[in-house]
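Visitor: Spelled out from the first residue to the last, the chains are:
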Amino acid sequence: MDLISFRDLSKEDVEDYFARAEEMDRQLEAGNVEKLDGIVATMFFEPSTRTKLSFQSAAERLGLQIVDFVGSSSSLKKGESFEDTIRTVDGYADIIVIRHPLEGSARVASEFAEAPIANGGDGGNQHPSQTLLDLYTLKKMKGDIGALNVHLVGDLKHARTMRSLLYGLGMFGAKVKLVAPSGLEMARDAIADVKRKFEMEVEETETIDFKDADVVYVCRIQEERFEDKYEAMSVKKKFTIKPEYLQGVKEDMIILHPLPKIDEIPPEVDKSKYAKYFEQAKNGIPMRMGIMKKMLGSARQKKG
Amino acid sequence: MDLISFRDLSKEDVEDYFARAEEMDRQLEAGNVEKLDGIVATMFFEPSTRTKLSFQSAAERLGLQIVDFVGSSSSLKKGESFEDTIRTVDGYADIIVIRHPLEGSARVASEFAEAPIANGGDGGNQHPSQTLLDLYTLKKMKGDIGALNVHLVGDLKHARTMRSLLYGLGMFGAKVKLVAPSGLEMARDAIADVKRKFEMEVEETETIDFKDADVVYVCRIQEERFEDKYEAMSVKKKFTIKPEYLQGVKEDMIILHPLPKIDEIPPEVDKSKYAKYFEQAKNGIPMRMGIMKKMLGSARQKKG
Amino acid sequence: MDLISFRDLSKEDVEDYFARAEEMDRQLEAGNVEKLDGIVATMFFEPSTRTKLSFQSAAERLGLQIVDFVGSSSSLKKGESFEDTIRTVDGYADIIVIRHPLEGSARVASEFAEAPIANGGDGGNQHPSQTLLDLYTLKKMKGDIGALNVHLVGDLKHARTMRSLLYGLGMFGAKVKLVAPSGLEMARDAIADVKRKFEMEVEETETIDFKDADVVYVCRIQEERFEDKYEAMSVKKKFTIKPEYLQGVKEDMIILHPLPKIDEIPPEVDKSKYAKYFEQAKNGIPMRMGIMKKMLGSARQKKG
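Residue numbers (numbering that gives the first Met the number 0), protein chains in the order written: chain A, 0 to 303; chain B, 0 to 303; chain C, 0 to 303.
Only chain A is shown next, with the shape it has when bound in the complex (with noise of 0.2 angstroms):
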């Protein structure tokens, strides 16, 4: 069993990666984990802490051993294909977790590994362990996703993230409103898509108004995506999360933000009671734990 794309998931796998992450969350909570037997090997091609150090993390709390294949020092330098650099690893591990710039590398690595891979990003595609973790989140948080009103906030055209969590979301039934600054906009048909397919309600938008919103969810506007600095500057003003925003905001409206953010939320907006991203990133811990020992369960069943 890997998990390359979130698209590859139906309603039910989600829901079994929930009630996993939900018993992992609950063996954290007792001190009690069950213990497991194996070797992780971490691949990461760029580099990303924030994803690397959760994986590990998940793996050693699992009592799972980790091998670090790190790209720069190794053997890809001396001309090997990536086709041989997996198969390599993958006589060394149980589970690969696998991070490359390259869109679909993640799905190239499945055809040459017998081990599970884990695809932790491939360029701007798909980064699934994310996008379960943000659903995780919410429905730990705030029950029942499909009751929901989600506002996806920010540069929705190139971030990762953002059009997996939107089919997530439609998935479940949630309301999603788009606020993205003009030429920023969600693909044409990523919306289409989810409407066709889940009859789902999609706002689209360059305001910001959070006062409907159960859920905020930021990511960052880069200023290298602009041509005109000057432009730059003043949409990232206004996307910056000022406190005013939050101003009549509903009592237990979340802040959610994939991490790392840089100015995109100020201070003040940071210390307030929203502000729920470093939970949300705590996440990753179960639900990481979760979809590794479904991988490691199935590898088990594979090769005996």
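Do not rely on the hints blindly, as some may be mistaken.
Residues of chain B clear of chain C, computed beta-carbon distances all greater than 12 angstroms [unchecked claim]:
hint: 1; residue: ASP36
hint: 2; residue: ARG60
hint: 3; residue: ARG187
With a straight-line cut-off of 35 angstroms between C-alpha atoms, the simulated DSBU-like cross-links for lysine-lysine are [claimed, not checked]:
hint: 4; chain 1: C; residue 1: LYS210; chain 2: C; residue 2: LYS272
hint: 5; chain 1: B; residue 1: LYS235; chain 2: B; residue 2: LYS156
hint: 6; chain 1: C; residue 1: LYS293; chain 2: A; residue 2: LYS292
hint: 7; chain 1: B; residue 1: LYS275; chain 2: C; residue 2: LYS272
hint: 8; chain 1: C; residue 1: LYS272; chain 2: A; residue 2: LYS293
Bear in mind the hints are in silico, worked out from the structure with no lab data behind them.
Source: prediction; values computed, not measured.
For every residue, glycine included, the Cβ atom is placed at its ideal position computed from N, Cα and C.
Since the structure of chain A is provided, determine the placement of chains B and C on it from the hints.
Guide: Showing chains B and C alone in chain A's frame:
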């Protein structure tokens, strides 16, 4: 419970650390270390092989797991704040060991993290586990620290650990001779402070004469501290621990050094019976095991 | 017990390593590896993903912990001697795996360390665990090494492992054909040595003809070894293992390679039933588990 500065510790605290290190030594000797469960994050924002490996090895002896946050390939590059980085890693670990070039950084980290923080060196300021292992080495090798005559030798102005060590020696009532070249003496206020606080006997001299020493603690003199290169050469030559300096010293005198050393101790002295710095370095293992075990105990109480 | 050079081993020693690797294979197969307690330090002064991951993975399968000394960000930069570095790491570990560009460095390390040293490659000299896993692969796949006809193919002058492999094949009475381009032949004295010592049949040729081969062991030809770039191209082309070379070979012939490979084996051959190098690489796990288990056993005897 954090370990940020040696100055935060009472004599009772230090004696408690001694007792814990002794217990760890007993368990190591018996090949029967009681295993704990937890994750230690090492966050080294500047290189320090020795401190990092020592903490990692100590953690592993206790059965703890390690996640290594590598500063250079991290989110910090993308502009993330120190606070956010600490808060994120805090979500992945039960203890954080931090080394950072900025004075006070470990204290700052402790404000953002729920996990206990062990300061592995913050600039030229504090390195408390080093001071603890130095004092533990004295107790283990010589018994009563209060009965010792200790020479601190070298660049006492810049050496990170010397002020704390002086303070610790004062705490236990040792007699200290500060042997430094002109211009590299220990800061006046540090000396005044221990004299007042512990009614301590502190002698200052430029002259090397180890005949009355029970312990000679050497630290390096760096050429780059001098404007006049000729003077630098001459001072470095004088403060190299030549074999003739050892004529007439006490039979059981010991030479310590925080390591790494370069050329301040020549091979003949290295091979002498007085040289005890590698045993000193080894004492970092039981001391750091004791520190982390204490931290996990207190963390458990804190969290419930 | 160190493992520095294959030449230090008797046939009985090698057979003991085979038996240990077989036992490890049995335990891995049964999913029931007897766990040991201890720390392995990996000290790689030059990159070698494969060897490092293989040792780390083998250690983890045994339940051992790892501390990774990273040469480049270390005290060596500050001018510390090799001896001091080894002595320090020795204080933190029960086994040291070292790879260093300088010939003889592993032997030197073994003089300063109390912990057993495993040589993971010292310059162009020795890489004994590779030779052991190569021979173990032959035994496992083919049974009686003495009955084999082995072709060693490629740059036999510079390839690290080829001399030791020739020696090992001689030890077991195999028949060997050395197939190298002119100018890249194996050193005369190495051939004379095995002929004398084992009364070994060694044929030398520039002509590729695998029809009588049981085993074809390929190593890479590096362009930079030639002064004449045109000659380099022509020789590289000839020593690429083209599909037509496999016409008429024995049904159960196997192709081995120490990996990483670049372009010396084209995809068609890669996919053929003869290609066994990834299985060969996997045999590094049980062999290195056996090596480290033996080391820990002997260390325990040594220390008390």
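Visitor: Take the hints in turn and mark each one as holding or not.
Guide: Outcome of the hint check:
Against chain C, the non-interface label of ASP36 of chain B holds: every CB pair exceeds 12 angstroms, the least being about 14 angstroms. Under the 12 angstroms C-beta cut-off, the non-interface status given to ARG60 of chain B relative to chain C is violated; the minimum distance is some 7 angstroms. A cut-off of 12 angstroms between C-beta atoms confirms that ARG187 of chain B is not in contact with chain C; the least separation is 29 angstroms. Only pairs whose Cα atoms come within 35 angstroms are accepted, and LYS210 of chain C paired with LYS272 of chain C is accepted, the gap being roughly 16 angstroms.
Taking the CA atoms of LYS235 of chain B and LYS156 of chain B, the gap is about 15 angstroms. The hint holds against a cut of 35 angstroms. For a cut-off of 35 angstroms, the pair hint linking LYS293 of chain C to LYS292 of chain A stands: about 32 angstroms separates their Cα positions. Taking the CA atoms of LYS275 of chain B and LYS272 of chain C, the gap is near 59 angstroms; set against the 35 angstroms cutoff, the hint is violated. Distance check on the hinted pair: LYS272 of chain C and LYS293 of chain A sit about 33 angstroms apart at the alpha-carbon level, within 35 angstroms; holds.
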